[in-house]
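A.B. asks: Hey, can you work out the whole structure from these sequences and the hints?
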Amino acid sequence: MRVAHALLGGAAGVGWLLLPVTTISTDVPVAISADAPVAAAESQDEETSATDLALPLVVLAAAGTLAGYAYIRRIRRARTRTTPGGAPATPAVPPLTDLDEQSRTLLTEADNWIRTSREELAFAEARSGAEAVAPFARALHDAQTELSAAFRIRRRYDAGIPADQPSRRHALTGIVGRCQEAGSRLDAQAPAFDQLRALEREDGEAVRIAETRFRELTGRTPVTEATATDLTQRYAPSASAPVTGYVEEAKNRLVLATTHLNHSRQATDSGDTGRAVHALRAAESAVAQADVFLTAVDRLAEDLRTAAGLVPAALTGAETELAVVREVLAGAPRQPAAAPPNLPEGELRARLRHADIVLTAVRNTLTGGQRDDPLDLLRRIAEAVAPVAAGRTGVLPAAALLTARSAIADADGFVETHRAVVGAEARTLLAAAREALEAGHTRSDTAAEGPVPTPATLTTRLHAGTSARRARELAEQDVRLHGNPSLDPAPANSFGGPRTAARRNPPPG
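Residues in the sequence shown are numbered from 1 upward in steps of one, following UniProt numbering.
Each computed EDC-like pair below joins lysine to aspartate or glutamate, with the alpha-carbon atoms no more than 16 Å apart:
#1 Lys251 to Glu216
#2 Lys251 to Glu225
#3 Lys251 to Glu211
Quick list of the computed label-pair ranges, beta carbon to beta carbon:
#4 Gln370 to Thr316: 16 to 24 Å
#5 Glu302 to Ala330: 39 to 47 Å
#6 Thr316 to Pro341: 17 to 25 Å
It should be emphasised that the hints constitute simulated quantities derived from the structure, not laboratory data.
Think of the CB as a built atom: it goes at the ideal place given N, C-alpha and C, for glycine as much as any other residue.
C.D. replies: Right, here's the structure in full:
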């Protein structure tokens with residue numbers, strides 16, 4: 001502004017300098033004579049000439065001053081602008097690495113929204129019934145469908161599909177969009193869900209339900225603890241390894257539940273409804289996770305008993321499959337409906353030898369008197385025979401189904417109880433395992449040759465189990481990296497997505 005004032009002052013100065021030229025005559029005074037009119041006319045012509053010269057200079061100076069002032073204003077506005085000027089700029093495209101990280105974060109968060117929503121939905125159903133919670137169960141199912149699609153895209157992305165950069169960016173954008181849609185579906189139902197639970201108005205019944213489940217789990221704990229001890233005595237260490245420490249973890253969660261239930265009642269008595277509801281949700285979450293730990297021990301014990309009874313039949317079924325291979329290698333004609341893979345003879349013989357070695361090792365384990373791992377034995381039998389299986393028996397696909405289901409349940413329970421620290425990679429593999437198992441069911445149900453599953457079904461189920469075991473390994477790595485959240489497993493979030501899940505949590509600090 002000071003510069004503008006200076007320019008205006010300069011223009012005024014020019015005007016004042018030129019003013020005498022336009023008003024003061026330069027003629028020498030003379031006596032009046034008869035020739036005065038002629039002299040006056042000549043003087044007037046000279047004055048007009050001076051005026052004609054001065055006026056353009058004044059206009060020019062004023063124009064220059066205004067132009068300079070306008071220029072300075074533009075410069076100053078540009079320096080102090082807080083909004084973008086000119087044509088709208090094209091939004092900056094985030095780097096692919098940033099979009100990749102965003103997709104991983106959202107996969108983890110969306111999976112947690114769904115897990116937490118499912119957890120609280122169970123408590124709402126216990127109080128209000130299945131019919132009352134049906135709309136929220138549908139919203140949860142729709143959100144799970146979106147998340148499953150996002151995990152599917154992520155698996156293809158991790159496998160290098162698609163390969164070109166624009167398509168890979170599009171894939172990541174699709175993951176982000178699917179996860180956001182999953183959260184939006186849960187957010188949309190959160191207000192109605194709160195009306196159903198009515199915790200802020202009257203939480204006495206909800207507290208009673210949580211306390212009932214707490215007492216049930218407290219009564220189960222000694223029985224499950226005895227089951228865990230029996231697992232360590234009956235089977236090889238690898239058999240019980242997936243649930244090592246689970247009973248202690250369940251006890252820790254029950255202690256947390258006791259603390260939070262007491263806090264909830266105290267807050268209710270003092271009229272602090274917000275704190276009471278948050279403490280109740282924390283208690284419900286602790287109770288639910290204690291249930292996961294105890295159920296995992298009981299389920300594994302049942303799976304091991306079933307597997308132990310299935311191993312002899314699996315060995316017999318494996319020998320039936322290998323007998324077909326031996327017949328083909330001996331020159332017998334192939335049966336189109338149930339023939340081993342059409343492999344080169346050398347490769348077929350090598351796979352047959354490998355299967356024989358594995359089956360011999362399994363038999364030695366069974367007859368050697370040492371403790372074994374029945375689920376692992378079933379897996380080894382099925383994996384050894386799968387490359388040459390002709391589909392003559394259904395026992396091997398059944399064995400693969402049992403081992404896959406057990407591995408998926410194991411990995412899912414671990415993610416559920418450690419979801420505060422488990423990342424996207426483990427969750428993506430777990431989703432792949434579930435999808436492969438479902439594909440194996442579909443293929444078996446629609447098999448044209450009858451009730452015996454196809455060799456492809458056997459392979460698919462084995463792949464599901466492999467993915468689940470790898471998911472558990474990655475989840476354990478995340479826990480080792482970030483620490484075990486056992487003292488207080490997770491914030492007591494509620495049914496909902498990114499906007500509503502933390503609505504009952506107290507403000508930080």
